[in-house]
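Protein chains: 2
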Amino acid sequence: MSHAVADASLNLKTALRDVAVEVDRQFDLLLQVPADPRARLYEAMRHAAIGGGKRLRPLLTFATAQLFGVDRLCTARAATAIECIHVYSLIHDDLPAMDDDDLRRGKPTVHKAFDEATAILAGDCLHALAFELLADSATHADPFVRAELIADLARAAGPAGMAGGQMMDLAAEGSSFDLATVTRLQALKTGALIACSVEAGAILGRVPVEGRTGLRGYARHIGLAFQIADDILDVEGDEAAVGKQLRKDQAAGKETFLTLLGLDRAREQARLLVDQAIDHLRQFGSEADLLRDIARYTLERDR
Amino acid sequence: MSHAVADASLNLKTALRDVAVEVDRQFDLLLQVPADPRARLYEAMRHAAIGGGKRLRPLLTFATAQLFGVDRLCTARAATAIECIHVYSLIHDDLPAMDDDDLRRGKPTVHKAFDEATAILAGDCLHALAFELLADSATHADPFVRAELIADLARAAGPAGMAGGQMMDLAAEGSSFDLATVTRLQALKTGALIACSVEAGAILGRVPVEGRTGLRGYARHIGLAFQIADDILDVEGDEAAVGKQLRKDQAAGKETFLTLLGLDRAREQARLLVDQAIDHLRQFGSEADLLRDIARYTLERDR
Numbered sequence: 001m002s003h004a005v006a007d008a009s010l011n012l013k014t015a016l017r018d019v020a021v022e023v024d025r026q027f028d029l030l031l032q033v034p035a036d037p038r039a040r041l042y043e044a045m046r047h048a049a050i051g052g053g054k055r056l057r058p059l060l061t062f063a064t065a066q067l068f069g070v071d072r073l074c075t076a077r078a079a080t081a082i083e084c085i086h087v088y089s090l091i092h093d094d095l096p097a098m099d100d101d102d103l104r105r106g107k108p109t110v111h112k113a114f115d116e117a118t119a120i121l122a123g124d125c126l127h128a129l130a131f132e133l134l135a136d137s138a139t140h141a142d143p144f145v146r147a148e149l150i151a152d153l154a155r156a157a158g159p160a161g162m163a164g165g166q167m168m169d170l171a172a173e174g175s176s177f178d179l180a181t182v183t184r185l186q187a188l189k190t191g192a193l194i195a196c197s198v199e200a201g202a203i204l205g206r207v208p209v210e211g212r213t214g215l216r217g218y219a220r221h222i223g224l225a226f227q228i229a230d231d232i233l234d235v236e237g238d239e240a241a242v243g244k245q246l247r248k249d250q251a252a253g254k255e256t257f258l259t260l261l262g263l264d265r266a267r268e269q270a271r272l273l274v275d276q277a278i279d280h281l282r283q284f285g286s287e288a289d290l291l292r293d294i295a296r297y298t299l300e301r302d303r
Numbered sequence: 304m305s306h307a308v309a310d311a312s313l314n315l316k317t318a319l320r321d322v323a324v325e326v327d328r329q330f331d332l333l334l335q336v337p338a339d340p341r342a343r344l345y346e347a348m349r350h351a352a353i354g355g356g357k358r359l360r361p362l363l364t365f366a367t368a369q370l371f372g373v374d375r376l377c378t379a380r381a382a383t384a385i386e387c388i389h390v391y392s393l394i395h396d397d398l399p400a401m402d403d404d405d406l407r408r409g410k411p412t413v414h415k416a417f418d419e420a421t422a423i424l425a426g427d428c429l430h431a432l433a434f435e436l437l438a439d440s441a442t443h444a445d446p447f448v449r450a451e452l453i454a455d456l457a458r459a460a461g462p463a464g465m466a467g468g469q470m471m472d473l474a475a476e477g478s479s480f481d482l483a484t485v486t487r488l489q490a491l492k493t494g495a496l497i498a499c500s501v502e503a504g505a506i507l508g509r510v511p512v513e514g515r516t517g518l519r520g521y522a523r524h525i526g527l528a529f530q531i532a533d534d535i536l537d538v539e540g541d542e543a544a545v546g547k548q549l550r551k552d553q554a555a556g557k558e559t560f561l562t563l564l565g566l567d568r569a570r571e572q573a574r575l576l577v578d579q580a581i582d583h584l585r586q587f588g589s590e591a592d593l594l595r596d597i598a599r600y601t602l603e604r605d606r
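Chains as they are written, first to last, in my numbering: chain S, 1 to 303; chain H, 304 to 606.
Some hints could be false.
[What the hints assert, rightly or not] One-sided excerpt, in silico: chain H residues whose CB lies under 10 Å from chain S: (1) I388; (2) Y391; (3) H395; (4) D418; (5) R449; (6) A450; (7) E451; (8) L452; (9) G461; (10) P462; (11) F480.
[Stated by the list, open to error] Chain H is nowhere near these chain S residues, computed Cβ spacing over 12 Å in every case: (12) A76; (13) D142; (14) G243.
[To be verified] When the alpha-carbon atoms are kept at most 20 Å apart in a straight line, the in silico DMTMM-like pairs for lysine to aspartate or glutamate are as follows: (15) S:K112 <-> H:E419; (16) H:K557 <-> S:D36; (17) H:K415 <-> S:D36; (18) S:K254 <-> H:D327.
Calculated from the structure, these hints are not laboratory results.
Note that this is a predicted model, so its numbers are computed, not measured.
For glycine and all other residues, C-beta sits at the position ideal for the given N, C-alpha and C.
Assemble the whole structure, with the sequences as input and the hints as a guide.
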């Protein structure tokens with residue numbers, strides 16, 4: 001048993017590293033710096049996109065796509081498109097008018113390393129690049145698949161997803177949201193893109209909608225578990241390890257899972273969500289062990 | 304002759320009005336305000352998107368699509384998606400860190416009427432909505448058509464299009480760009496989306512790439528003519544009619560077509576570009592008269 005656990009953590013580590021290398025390679029290809037006045041914009045995108053982050057979302061796409069034997073290059077391109085959206089959202093969220101953060105992934109945020117205008121534009125460019133990547137026939141030969149990937153990502157990024165959640169988050173300051181509202185906020189702000197990362201693997205694998213119920217349940221549960229772990233990290237984490245400023249929610253007086261549940265119940269709730277996520281994978285055998293390991297990892301990570 | 308000209312201007316006026324009504328209707332449907340903390344975000348999007356602007360880009364899509372008998376609802380949705388990108392770019396360009404404008408289309412800019420965070424997010428949401436609209440099967444039943452529309456719009460919006468042009472524009476301050484660089488800047492900043500508006504009509508009409516040469520030439524030429532007219536308006540226009548602050552390029556010491564060519568040569572150049580644009584339509588008969596009228600209109604508009 002302890003041997004199996006050690007193996008699992010090894011597999012997860014290998015997968016995390018492989019995906020990080022592959023996503024960096026994709027970003028490097030995508031973001032070649034042109035010899036014209038746009039160079040600074042590309043440098044800013046590279047600063048934000050390359051060599052940082054856990055790459056959790058791409059990992060989820062890879063782990064799901066491998067269940068269905070999807071071509072690795074197709075998966076890499078779709079996963080990078082999703083990470084484009086994640087990175088753009090981090091750049092914009094860090095802006096002075098939003099969360100006003102100086103540090104991200106252990107480096108200065110884009111508006112600190114460059115300037116605000118460049119940060120806004122770098123985010124906008126990564127946003128557009130995500131859809132350019134998905135619309136390209138090199139990502140998938142079948143336009144049905146491409147159109148479905150795009151529809152899913154656009155929904156996850158827009159006002160009914162990530163951007164809507166960020167808007168609720170800004171409104172959270174000074175409001176006293178209840179548990180249902182915080183849950184809804186987080187389902188939009190982080191949950192939608194995590195769900196999309198899993199769904200993209202299934203879309204690439206041509207799994208029909210009615211065959212995705214288990215994977216969707218898995219994604220919904222790890223999305224919430226991930227956010228509760230994030231709230232706990234915000235209170236208990238080490239800033240150097242996490243690579244960004246912590247304890248900001250507290251300072252802003254925002255309600256979180258932690259303020260609403262207390263530390264013990266929040267931990268318990270996160271563990272329960274991970275168990276439920278894993279339970280949603282019961283239709284799969286050992287080929288879904290990486291997804292199971294990722295579920296557990298959402299709680300154990302230190303950044 | 305003068306009767307024909309009067310008719311043409313009447314047709315153009317009717318088309319401008321019809322398209323404006325249709326685009327407003329689409330935005331109204333798309334941006335129904337939800338009864339949750341995202342309400343403010345939707346209000347901000349409505350403020351920017353509804354009831355303003357010339358709707359030149361949607362008009363170009365309609366005028367091109369009607370050459371090929373495209374369904375009006377498909378056209379309306381694609382045209383609205385393109386206008387989403389245009390409106391988002393205006394919101395972000397107006398931000399304090401960018402062009403710092405207080406007035407747009409005769410109304411306070413979004414960050415003035417709301418706040419900066421809401422303006423950034425409203426732009427981001429309209430950006431995502433554009434692709435959500437195009438990816439939806441209600442826009443076109445054929446996923447090939449949807450994927451091509453998306454690829455074209457994402458390219459036009461991204462670093463090789465509008466956002467890249469805006470980056471060059473920010474670098475223009477304090478630089479002394481030559482005519483070739485200003486032409487390239489404007490081809491990206493405004494030209495790419497104008498070209499995409501025409502191309503979208505052809506894509507919806509299932510015109511193969513090799514059949515679009517004339518329309519592409521037309522679009523490239525009116526894009527530049529439009530920008531020269533914009534530079535002239537910036538110097539000679541009436542702020543109340545134009546609905547935004549003018550004479551900012553001068554104040555920032557930026558090179559424009561006007562500073563590089565002088566007023567007389569700039570006017571002459573714009574007229575030449577319109578003639579060339581119209582010449583590119585020679586394969587079409589009277590069914591392309593609206594496109595011809597739009598070409599002339601780029602010079603005659605007062606806003």
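These are the hints, each one checked on the structure:
1. I388: holds, 9 Å
2. Y391: Nearest chain S Cβ about 8 Å off; hint holds.
3. H395: Because about 6 Å separates H395 of chain H from the closest Cβ in chain S, which is inside the 10 Å limit, the hint holds.
4. D418: Hint on D418 of chain H: holds, closest Cβ of chain S at ~7 Å, below 10 Å.
5. R449: This hint holds: R449 of chain H lies near chain S, its Cβ roughly 5 Å from the closest one there, short of 10 Å.
6. A450: holds, 4 Å
7. E451: The hint holds - E451 of chain H has a Cβ within 10 Å of chain S, the shortest such distance being about 8 Å.
8. L452: holds, 9 Å
9. G461: Check passed: Cβ of G461 of chain H comes within 3 Å of chain S, closer than 10 Å.
10. P462: Constraint on P462 of chain H satisfied, holds at 4 Å.
11. F480: It holds, given that the least Cβ distance between F480 of chain H and chain S is near 8 Å, below 10 Å.
12. A76: A76 of chain S clear of chain H: closest Cβ-Cβ about 18 Å, beyond 12 Å.
13. D142: At about 8 Å from chain H, D142 of chain S fails to clear the 12 Å cut-off, so the statement is violated.
14. G243: holds, 23 Å
15. S:K112 <-> H:E419: Holds. K112 of chain S to E419 of chain H sits at ~18 Å (cutoff 20 Å).
16. H:K557 <-> S:D36: holds, 17 Å
17. H:K415 <-> S:D36: violated, 33 Å
18. S:K254 <-> H:D327: Violated, because 37 Å separates the two Cα atoms, which is more than 20 Å.
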